[in-house]
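Listed below are the residues making up each chain.
There are 2 protein chains.
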Amino acid sequence: MRIILCGFGVVGQNFAKLLLSRSEDLYAKHGLKPRIVGVFDSTGSAASSAGLDLNRLLEMKKKYGSIKKYHNKEKDANGLEMISGLEAEVLIETTTSNYKDAEPGMSHIVNAMKNGLHVITVNKGPLALAFPSLFELATYNQVLLRFSGTVGGGTPILDYAKNSLRGERIVSFEGILNGTTNYILTNMANGMTFKAALADAKKKGYVEADPSLDIDGFDAAAKLVILANWIMDMKVTIKDIERKGISSVTTADVKKAASRKCAVKLIASCDRKLVVAPKEILLDDPLCVNGTLNAITFNSEHSGQQTIIGRGAGGMETASSILRDLLDIKQEISRN
Amino acid sequence: MRIILCGFGVVGQNFAKLLLSRSEDLYAKHGLKPRIVGVFDSTGSAASSAGLDLNRLLEMKKKYGSIKKYHNKEKDANGLEMISGLEAEVLIETTTSNYKDAEPGMSHIVNAMKNGLHVITVNKGPLALAFPSLFELATYNQVLLRFSGTVGGGTPILDYAKNSLRGERIVSFEGILNGTTNYILTNMANGMTFKAALADAKKKGYVEADPSLDIDGFDAAAKLVILANWIMDMKVTIKDIERKGISSVTTADVKKAASRKCAVKLIASCDRKLVVAPKEILLDDPLCVNGTLNAITFNSEHSGQQTIIGRGAGGMETASSILRDLLDIKQEISRN
Numbered sequence: 001m002r003i004i005l006c007g008f009g010v011v012g013q014n015f016a017k018l019l020l021s022r023s024e025d026l027y028a029k030h031g032l033k034p035r036i037v038g039v040f041d042s043t044g045s046a047a048s049s050a051g052l053d054l055n056r057l058l059e060m061k062k063k064y065g066s067i068k069k070y071h072n073k074e075k076d077a078n079g080l081e082m083i084s085g086l087e088a089e090v091l092i093e094t095t096t097s098n099y100k101d102a103e104p105g106m107s108h109i110v111n112a113m114k115n116g117l118h119v120i121t122v123n124k125g126p127l128a129l130a131f132p133s134l135f136e137l138a139t140y141n142q143v144l145l146r147f148s149g150t151v152g153g154g155t156p157i158l159d160y161a162k163n164s165l166r167g168e169r170i171v172s173f174e175g176i177l178n179g180t181t182n183y184i185l186t187n188m189a190n191g192m193t194f195k196a197a198l199a200d201a202k203k204k205g206y207v208e209a210d211p212s213l214d215i216d217g218f219d220a221a222a223k224l225v226i227l228a229n230w231i232m233d234m235k236v237t238i239k240d241i242e243r244k245g246i247s248s249v250t251t252a253d254v255k256k257a258a259s260r261k262c263a264v265k266l267i268a269s270c271d272r273k274l275v276v277a278p279k280e281i282l283l284d285d286p287l288c289v290n291g292t293l294n295a296i297t298f299n300s301e302h303s304g305q306q307t308i309i310g311r312g313a314g315g316m317e318t319a320s321s322i323l324r325d326l327l328d329i330k331q332e333i334s335r336n
Numbered sequence: 337m338r339i340i341l342c343g344f345g346v347v348g349q350n351f352a353k354l355l356l357s358r359s360e361d362l363y364a365k366h367g368l369k370p371r372i373v374g375v376f377d378s379t380g381s382a383a384s385s386a387g388l389d390l391n392r393l394l395e396m397k398k399k400y401g402s403i404k405k406y407h408n409k410e411k412d413a414n415g416l417e418m419i420s421g422l423e424a425e426v427l428i429e430t431t432t433s434n435y436k437d438a439e440p441g442m443s444h445i446v447n448a449m450k451n452g453l454h455v456i457t458v459n460k461g462p463l464a465l466a467f468p469s470l471f472e473l474a475t476y477n478q479v480l481l482r483f484s485g486t487v488g489g490g491t492p493i494l495d496y497a498k499n500s501l502r503g504e505r506i507v508s509f510e511g512i513l514n515g516t517t518n519y520i521l522t523n524m525a526n527g528m529t530f531k532a533a534l535a536d537a538k539k540k541g542y543v544e545a546d547p548s549l550d551i552d553g554f555d556a557a558a559k560l561v562i563l564a565n566w567i568m569d570m571k572v573t574i575k576d577i578e579r580k581g582i583s584s585v586t587t588a589d590v591k592k593a594a595s596r597k598c599a600v601k602l603i604a605s606c607d608r609k610l611v612v613a614p615k616e617i618l619l620d621d622p623l624c625v626n627g628t629l630n631a632i633t634f635n636s637e638h639s640g641q642q643t644i645i646g647r648g649a650g651g652m653e654t655a656s657s658i659l660r661d662l663l664d665i666k667q668e669i670s671r672n
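Chains as they are written, first to last, in the working numbering: chain A, 1 to 336; chain B, 337 to 672.
Since the hints were made in silico from the structure, they are not lab data.
Be aware that one or more of the hints could be misleading.
Here are some chain A residues the structure puts well away from chain B; computed CB gaps all over 10 angstroms [stated by the list, open to error]:
1) His-30
2) Glu-59
3) Asn-72
4) Gly-153
5) Gly-154
6) Thr-155
7) Pro-156
8) Tyr-160
9) Cys-262
10) Val-289
11) Ser-303
12) Ser-320
13) Arg-324
14) Leu-326
15) Arg-335
So the derived label-pair ranges between C-beta atoms look like this [what the hints assert, rightly or not]:
16) B:Ser-508 with A:Gly-205: 52 to 62 angstroms
17) B:Pro-468 with A:Ser-84: 21 to 31 angstroms
18) B:Lys-498 with A:Arg-56: 54 to 64 angstroms
19) A:Lys-162 with B:Thr-379: 34 to 44 angstroms
20) B:Leu-356 with A:Ser-42: 54 to 64 angstroms
Just so you know, these numbers come straight off a predicted model, no measurement behind them.
The beta-carbon is built from N, C-alpha and C at its ideal position, and this holds for glycine as well.
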């Protein structure tokens, strides 16, 4: 399977490492032989229709900070040119999420689908802004669009709800979908002020370059859009989410919650309305997890409440979700 | 799809109710038209090759305590005769688990597979005693053997580990797999003695007719056998489990744990050795759930720890897991 990889940051590099370490096993167990034939990021590009040497690619990125050096004679291609020019079956989109126009990811995905490529995205921006229309485009072009890594990182929440619970009806759900705000609120429960807790989270590298994406609930709202579309068959975008962040949560709020055996968490919920907002939940509710953990509780018609807890992000976790999507695409294709 | 149902207790009756309430939806969404053509339990049997009238069946059971009255002229058939005589595609086994010889469930399952029937069992006995050989028999007879309801009730733990985590390696796992002992230990953490907590659990109807199955860890051990075989590809039976129950756990043990911010739980673990035993776990570990809840944590190679929490048992939950297996079998058959 020939792959074009957009973005070669933490996730892209971890994905390359994962392919290197798992290649034998992937072929033996799943008959999957992935080849990255093109890769580009903001620093440059590299391509080879026979498949790039991933060891060399990782080495060049590490040594020079750019993949452009992969070729002895630089022949830099623009991302969109690569997408329309290179023969491939799958595009993997790992550039940064943005909730204004979702670029450059949006153009990568739309062009790839128009060219008949299946798409795996871990970039939430395009889905948050245009989930329903992107899925229409995928159907129209008869390609698959997969996005396991966008919610729950390595924890397969989307797959669980869609597949493991088939034959069951999910009535509503609520979750802690953003690890950074959970880390900040956990610190506040332990006595820190919002300001100090945010500074600590920044120091640990948990906060996005634009802190508003976490703090003001954009990241959680984007994930809620994806869940609502995928699991509940709603046709919504980020504009349909009632969103409130955590910057107004005070130490007093957190203390008052504690006196009621509760904790304040940024909860994304789908129960008729779609809401992201700080909310008190009981300390012994399975959903009440601490640190950077994510958790989600599904209320199902016949099987009661079910909670899944896992690490929300991390380069290797997200890379492993891409691999899961790739196996899924392989399986779907071979079925038809 | 024609079904023979063994056992018409809480699970069997709930399954019948579920089929009644979901029939339109099952046909529309999944193309599934299940017909129960035969059912038997310790009180009698009923059969109709055109499919039994489930409303009447439930009514007779409720009114007379026996399904024998379904036919105006009683024509009682023995279970094994029905399995070999009636034309059907699937056998659903819901009789009581026993860990001595696993009968009568074992004979039902073995005979059904020899007759070319696919099998869904929520009875753990046969799997606990003979998982590897039952799977060999299924393969030999080219039939499917499914058992979602045996672990986690309505919470699809087995499916999650096998399917949602495909492409990932599970390194080890540990879980609270028995709701009754968890309820007793939660009561003890709240100050009750073991004796009082057991009496309370009995009053609530949480304890098996033979309390040893819960208290001495047989139920948890049986589930551990199933998980180890299915998820870790181990070929083991209940004899391979190191098993210790909770009857020796004292109020002092529970208090000592609390002073260390821990709780005593009956933990089933798979990490080289297969063990069921009381163990202290941290109160803020996602695994540390209370009441009758079940929980399991998978340690995966690339996606870290993932915990699933849900209600362990209940007639409707288990019935819904049977329906999931039925959909799975339908899908597998139509694929070939």
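Verification of the supplied hints:
With a least CB separation of 7 angstroms from chain B, His-30 of chain A falls inside the 10 angstroms interface cut-off, contrary to its annotation. A cut-off of 10 angstroms between C-beta atoms confirms that Glu-59 of chain A is not in contact with chain B; the least separation is 22 angstroms. Every CB of chain B is more than 10 angstroms from the CB of Asn-72 of chain A (nearest about 34 angstroms), matching its label as outside the interface. Chain B draws Gly-153 of chain A into its interface by the beta-carbon criterion, the shortest separation being 7 angstroms against a cut-off of 10 angstroms.
Against the 10 angstroms criterion, Gly-154 of chain A falls within the reach of chain B, whose nearest CB is about 3 angstroms from its own CB. For Thr-155 of chain A, the non-interface assignment is contradicted: its Cβ lies about 5 angstroms from the closest Cβ of chain B, within the 10 angstroms cut-off. Listed as outside the interface, Pro-156 of chain A is inconsistent with that label: its C-beta sits roughly 4 angstroms from the nearest C-beta of chain B, within the 10 angstroms cut-off. With a minimum CB-CB distance of about 5 angstroms to chain B, Tyr-160 of chain A fails to clear the 10 angstroms threshold, and the non-interface call is violated.
For Cys-262 of chain A, the condition that its CB be more than 10 angstroms from all CB atoms of chain B holds, with the nearest at approximately 15 angstroms. For Val-289 of chain A, the requirement that its beta carbon stay farther than 10 angstroms from each beta carbon of chain B is not met, with the minimum near 6 angstroms. Some Cβ of chain B comes within 10 angstroms of the Cβ of Ser-303 of chain A; the nearest lies about 3 angstroms off, and the non-interface call is violated. A beta-carbon of chain B comes within 10 angstroms of the beta-carbon of Ser-320 of chain A; the shortest separation is about 4 angstroms.
Against the 10 angstroms criterion, Arg-324 of chain A falls within the reach of chain B, whose nearest CB is about 5 angstroms from its own CB. With a closest Cβ-Cβ approach of about 8 angstroms to chain B, Leu-326 of chain A is found to fall inside the 10 angstroms limit, against its non-interface label. Distance to chain B contradicts Arg-335 of chain A as a non-interface residue, since its nearest Cβ pair spans about 8 angstroms, not more than 10 angstroms. Roughly 28 angstroms separates the CB atoms of Ser-508 of chain B and Gly-205 of chain A, a value that falls outside the hinted 52 to 62 angstroms.
For Pro-468 of chain B and Ser-84 of chain A, the Cβ-Cβ distance of about 53 angstroms falls outside the hinted range of 21 to 31 angstroms, so the restraint is violated. Taken as a hint, the range 54 to 64 angstroms is violated for the pair Lys-498 of chain B and Arg-56 of chain A, whose Cβ atoms sit roughly 36 angstroms apart. At about 40 angstroms, the CB distance of Lys-162 of chain A to Thr-379 of chain B agrees with the hint of 34 to 44 angstroms. Between Leu-356 of chain B and Ser-42 of chain A the Cβ separation comes to about 59 angstroms, which falls inside the hinted range of 54 to 64 angstroms.
Going through the hint list in order, the structure does not satisfy hints 1, 4, 5, 6, 7, 8, 10, 11, 12, 13, 14, 15, 16, 17, 18.
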